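J.: Residues per chain are reported as follows:
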Amino acid sequence: MQHPAFEEVSFHHHTDDETFKKKVRKTTILLSVITLIELAIGLSIYTIHKGENPSHLLVLMFKGMVCILTLAKAYYIVSVFMHLGDEIRNMIMTIVVPLLLFTWFIIAFIADGNSYKNLRNTYDPHFKETTMPKEHHTTETPVEKKSGKE
Amino acid sequence: MMWYFLMSDAFTFGAFLISYGTIRFSQNFWPDPNVVFNAFPGLGHRNLPLAFVSVMTFILIISSVTMVLAVHAGHNGDKKGVMKWLAWTIVGGLAFLGCQAWEWYHLITGEHAVLVDGKIELWGQTMRHNPWGAIAEGISHNGEHVRTPGPVAFGGYFFGITGFHGFHVFSGVVINIIMLIMTQKNVFQNRGHYLMIEKAGLYWHFVDLVWVFVFLCFYLI
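Residue numbers (this note's numbering), protein chains in the order written: chain A, 370 to 519; chain B, 10 to 230.
Everything labelled a hint here was simulated from the structure, so no lab data went into it. Among the hints, a few may not be true.
Stated by the list, open to error - Ranges between beta-carbon positions, derived for each pair:
(1) A:Leu426 to B:Lys88: 23 to 33 Å
(2) B:Val100 to A:Leu426: 37 to 47 Å
(3) B:Glu120 to A:Leu412: 34 to 44 Å
(4) B:Tyr13 to A:Thr416: 37 to 47 Å
(5) B:Ala110 to A:Leu412: 37 to 47 Å
(6) B:Phe176 to A:Leu440: 22 to 32 Å
(7) A:Thr472 to B:Asn199: 17 to 27 Å
(8) B:Ile186 to A:Met501: 42 to 52 Å
(9) B:Leu103 to A:Lys390: 19 to 29 Å
(10) A:Ala480 to B:Val161: 17 to 27 Å
Unchecked claim - Here are the simulated BS3-like pairs of lysine-lysine, each with C-alpha atoms no more than 30 Å apart in a straight line:
(11) A:Lys395 to B:Lys128
(12) A:Lys390 to B:Lys128
(13) A:Lys432 to A:Lys390
(14) A:Lys395 to A:Lys497
The structure displayed is predicted, hence computed values, not measured ones. Glycine included, every Cβ here is placed at the ideal spot set by N, Cα and C.
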């Protein structure tokens, strides 16, 4: 067990320097890989939207995967970088439990927004006609930007 | 305790992002982030969706890694190590702020053709208006698409949330600079521990974490 450099510190690392550095490097690579996967998915979503007949279900699945990957990243940052994984279980729970409730909050409100949209589309045809984007037959190519100054 | 302050801050950011999500999913039309955010500094008009924001994400992740190394050096009482890794973390934070500033500048000063009351105007993206509406069929401006004004909420949410996050990055950089100066002056060496660095580290990781979610909400979904 490695002794801390100062007597007052009661927290003892249970691993040595080398193992810790390895863990940090492993986690960094993991975070980078997850980010790259998310970017690849993001670009896939972009390509799907540009093509003919974009499959909405596929896009939705991709978005779901990206959300799960982001949660994975959050787990690694909090557990390894912020050392929450090394804390006492009760302490961990004081953080995790509110965050789980918070996740419920997120799902509930997005579902609420979505439901509002669906109900409004059903009962307000004017809203639906004026705001629903038309399905393109031509691909929507992004605009060549003319910036004010470069 | 820093963790509990971070929880309260997490709920604040969360509330902003959730309200963004609710409004965004209540609309039939929302600007495609790959169309809005496709510029890269120095590369002119090339269409590069997600490129610049990826750079920003990596900068922040790497600055988090350097922060972990700074905290670790603190556990070993390694003053020089702490200073080195803190310095790199500060560089990363400043780089991120520079990138965000460029992004804002580019969006605000950009000129995009918008059809307003039958006339074409050139709009950038501001809090009150943005040029990211549906494409107006049948007309073009210098060979580019002309759009209708986009949803008013877009600008407010984007600048508001990224601005609030950027403010946290800035305050994190300031805190890290103060930590660096205190380390240099042997405050922690005399105190007998570097636990303050660990708390600053928690705050910095939190800032990185929030960015991961902002990146998700605005650029990916």
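J.: Taking the hints in turn, state whether each one holds.
T.: Do the hints match the structure? See the list:
The beta-carbon spacing between A:Leu426 and B:Lys88, approximately 57 Å, falls outside the hinted interval of 23 to 33 Å. Taking 37 to 47 Å as the suggested C-beta distance range, the pair B:Val100 and A:Leu426 conforms, at roughly 44 Å. Taking 34 to 44 Å as the suggested C-beta distance range, the pair B:Glu120 and A:Leu412 does not conform, at roughly 26 Å. B:Tyr13 and A:Thr416 have their C-beta atoms about 43 Å apart, which keeps the hinted 37 to 47 Å range intact.
Restraint check, B:Ala110 to A:Leu412: a C-beta distance of roughly 25 Å breaks the suggested window 37 to 47 Å. Restraint check, B:Phe176 to A:Leu440: a C-beta distance of roughly 25 Å satisfies the suggested window 22 to 32 Å. As the Cβ distance of A:Thr472 to B:Asn199 is approximately 44 Å, the hint placing it in 17 to 27 Å is violated. Between B:Ile186 and A:Met501 the CB atoms are about 51 Å apart, so this pair conforms to the stated range of 42 to 52 Å.
The beta-carbon spacing between B:Leu103 and A:Lys390, approximately 26 Å, falls within the hinted interval of 19 to 29 Å. Between A:Ala480 and B:Val161 the CB atoms are about 24 Å apart, so this pair conforms to the stated range of 17 to 27 Å. Restraint check for A:Lys395 and B:Lys128: the C-alpha separation of about 56 Å exceeds 30 Å, so the hint is violated. Annotation: proposed proximity of A:Lys390 to B:Lys128 is violated, straight-line Cα distance about 61 Å (limit 30 Å).
Simply put, A:Lys432 and A:Lys390 have alpha-carbon atoms about 33 Å apart, too far for the 30 Å limit, and the pair is violated. The suggested pairing of A:Lys395 with A:Lys497 is violated, with an alpha-carbon distance near 49 Å, which exceeds 30 Å.
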